[in-house]
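Undergrad: Listed below, chain by chain, are the residues.
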Amino acid sequence: MKSIRVDLQLIADMVAPDTRALDVGCGDGALLAYLVDFKRVDARGMELSQAGVNACVASGLSVIQGDADTDLRDYPDDAFDYVILGQTLQATREPREVLRQMLRVGKRAIVSFPNFAHWQVRLRLVFGGRMPQTTSLPYKWYDTPNIHLCSIDDFRALCRDMGVRIERAIVLNSKSRPIHMPPLLANVFGEQAVFMLKRD
Amino acid sequence: MLQDLTDAERAALAQCRHAVLGVDRPLRLDCGVDLGPYRVAYQTYGTLNADKSNAVLVCHPLTCDQFVADRHPVTGKEGWWESLVGAGKVLDPARYFIICVNVLGHCMGTTGPLARDPSTGQPWNLRFPVVTIADMVRAQAALLDDLGIPDLFCVIGGSMGGMQVLEWAASYPRRVFSAVPIACAAHHSAQNIAFHEVGRQAIMADPEWKGGDYRLHQTAPARGLAVARMTAHITYLSEQALQRKFGRALQNRNALGFGFDADFQVESYLRHQGSTFVDRFDANSYLYITRAMDYFDLAGAHGGVLANAFRRSPTRFCLMSFTSDWLFPTHESREIVHALNAAAANVSFVEVESDKGHDAFLLDEPEMFRTLSGFLKGAAAVRGLKETT
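Chains as they are written, first to last, in the working numbering: chain A, 1 to 200; chain B, 1 to 389.
If we strip away everything but chain B, and leave its shape as in the complex, we get (with noise of 0.2 Å):
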């Protein structure tokens, strides 16, 4: 399974670890394709203690990946949550085992669009089956099986990342401990769809993007794909923030230029977010990870009540916002948290103060950590986990 590797996927699969599941057993996917054979990549700190009971799952959001505190291997920045995750850090590797998942259909290992099709030994392309975040969440769980690891002391992640972690509760609440979404929503708004559907086009419109199969056209839809990153990391942040970091300022130049060039600092900022993103990311991966989200509807899946998701969860939950967020806004924390309380289950909510935007869980919020720590600290007790391990 390891030929016809991308350089990115080359180079992540020799800076962490991966599995190969479904041989015996394929994946049934929501959509009702059988996938399998498939390649799970992940990444662990730490490790796991005798009883087994200090492993923690970080889900990633959509556009980072399984290289959560280690440098990465395509862009040689640093691991994209190494404000939470690290060596005196809320999780520790010195005291909790912690693993990251790159999810199904991304491009940094795990199998998606890239892969070839063992039916046709033709690359998946568009022909890969449409994967949903509860696909991601069943591939996450079958790669514990593999490991042996029969629960996780804390299930946490943001954005995409807050999706899964809430799948994993409802799906698997006896395999869940403690669980952490933050900057999400229990189903995908129609404003959240809408600039999806932007970028997506904006991939599709790029005459490179050859319906998908741009690899054995030896084309690359690079232009689609970094406008898309640019409406979408627009999203990431907000109007303060933006004004805060550019306002008005002219990018190398004291007057304007009259034409089409950068000339804002704000237009080069997004141009090099498209430009380098790139680099790390494929095209048709961007199609299937944003179609999981858009699919993404918890209350939908369970009858139209967010509350039956959660029913006789035994799951302690900490939800967290940021004021700023127009993209997963306060209330879209808050109908979960209702929900929570209508299945009774034991549940925190923070609203954190940030003028960060959406973006802000990935920073220093110190307010966040805080929250976390204080909350993981007490779930520990609870569970009887040392403090040191």
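Here chain A stands alone, though its shape is the one from the complex (with noise of 0.2 Å):
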């Protein structure tokens, strides 16, 4: 069985077989085929670089090169039965707009992000004095395509604004492992989150 990155794995899990689901921003289609192949999932990817979309129809991937901010208007309501956004919604211009897309075409999204308040952001940001760059956000601030960092509890606050539930929660530490902690700590010992959310 191929293995494929953890967090990546995580939302795999979370995808229940023969389903339909789109992976927005699904770079080299790893997640795509593992949905194909391992869980019968009508899986389609949505990939910004060009090269990232030709090598993932070039394996025999449902892709097409589009950008989250602006392409996910295209789809009716309830598309699929999944949408999902690995460590992207970071990136995107307007990141609760996407979401709200994503609810739309969707009956679940999922989502995956850095969180901006881990504690080795916070003590670079507060003892080094320069912007943080961590295993997740390994980026200079000139040239980080993240342009809206925010931290799982940002998130929880935005899903709760929105109206949207939250199903699922899974905090991963530095080590990619998933941690079980109040939301305070988690806050700060989580370096990314992924999170299933449905509309309310």
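What the hints contain is simulated information worked out from the structure, not anything from laboratory work.
A couple of the hints might just be wrong.
Claimed, not checked - Computed footprint of chain A on chain B, listed as stretches where at least three residues anywhere in the stretch have a Cβ under 8 Å from a Cβ of chain A:
#1 292-303
#2 331-344
#3 366-377
Beta carbons are placed, not taken as given, at the ideal position from N, Cα and C, and that holds for glycine.
Assembling the complex is the task here: the two chains are given apart, and the hints tell you how they should meet.
TA: Shown next, in the form of structure tokens:
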């Protein structure tokens, strides 16, 4: 059985077999291929980089070139059981609108993102006095694609504002292992999080 | 129906198969005319498997024909898509049963303006009904009925061939398992209609055209047709490709000739393209086929909403465009992708980096072959088509 990145594996585990899923920002198609091969999912992908798209299609996956900010609008309501956005929300121009579209197009949305309130980030900013660079946030301030970073608590607050139900939330530490802590601590020790959301 | 053939038609029909259709039930054309009987010339490669699941229909573009992968009966040149179809190629006859049908209105054996009107016994010429892309596809579907092929594993084509692929998917969604429209659009743009009109006017302005009755007068509008081809050929290339190939290089001379001979290589090349084209193409057919492309407007045929053409489509789509194609630019493929998304259809879309212009789809473009091979592999897995037949 081929192995995929831990956060992708967590997402894959949330997807029920024999369903329809759209992976927005599908990259090289690792998650898509897993969903197709092991869960018989009718999985489609959208990817910004043309090189990524071409590689996916050449390996037999259904992928189009597209932008999460603009191209989710094309799809009809409830076109998919899941719309997945892995490590991309923070790079969108309008994260709130992207989430809204995801939950319009999909019955459920699965979102993963880096936690900007992770203790390493806090320490680097408070004591280092520089824009934090960590394993999950490897960029310099001037070349980062991440323009809308948030903390886990910020994300929960947005879900509340939008009236979105959080069905599952998994917080991962810097070794990509799930941690089980009260929200206040999770927001400190979690390096990234995976949320499964549903319209209320 | 085989009397009065041109030499080209005779040579074509000797090298491919044909069927006479519409004897009992004529083909109702979009213009309202009932056409029948009519002849359909087609070429096949490979064999149909026992469960009839490996049929692939290749739709040819404007100036190509059914001779996809064998030597052309008139020009003697190799097949126009031998880079794609053949042993060891992406579409391998060892695996697929590949069919290519000469389109209605064309001049390589299928009924078109060259044929005789059965009601008058006279050649149709310009009295042949104007046919559409949908009519071409209806004739192909009628041929498949005749051959007992219920559905197609894949329908693939570029340019006008891509238009036929889209029409197939829209008109016969249950008969199309996968569809590959390449370098095409869901409608012909104003610019494309304009270029076609220049070509048609060049033909009609040739005094030898005689209102389309040139064969009765034993003349041939070769100059007009050659100019039409020259104009069109420019649209198939890109500025970069022309520059790279010819630049301002002179033809067989060291200095400008101060006259109107072909001083430049690019002129000589275009003249050659024009003069060889007239040997294998009929001027009236050129009028009809370009008209069919101009009339193509898939959204228009579906209440103005392109997505309506693909509602509940079970077909797997793979679209492809080329960066330097200005005849069918990428945004026109993207428009189709948007419509397919709106219909929640299964679609892949790849834009291939190439400086070869529209013609790129006929050339050796490894990225195109990689994409196609991957797409077909994925589709075959879903269809349960075995690796080898």
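Undergrad: Now tell me if each hint is right for this structure.
TA: So, going through the hints one by one against the coordinates:
With a cut-off of 8 Å between beta carbons, the region 292-303 of chain B has 0 residues touching chain A; three or more are needed, and the interface restraint is violated. Evaluation of the coverage hint for the region 331-344 of chain B: fulfilled, as 6 residues show C-beta separations to chain A shorter than 8 Å, against a requirement of three. For a cut-off of 8 Å, the count of residues in the region 366-377 of chain B with a CB near a CB of chain A stands at 7, and the three-residue condition holds.
When each numbered hint is compared with the structure, a violation occurs for hint 1 only.
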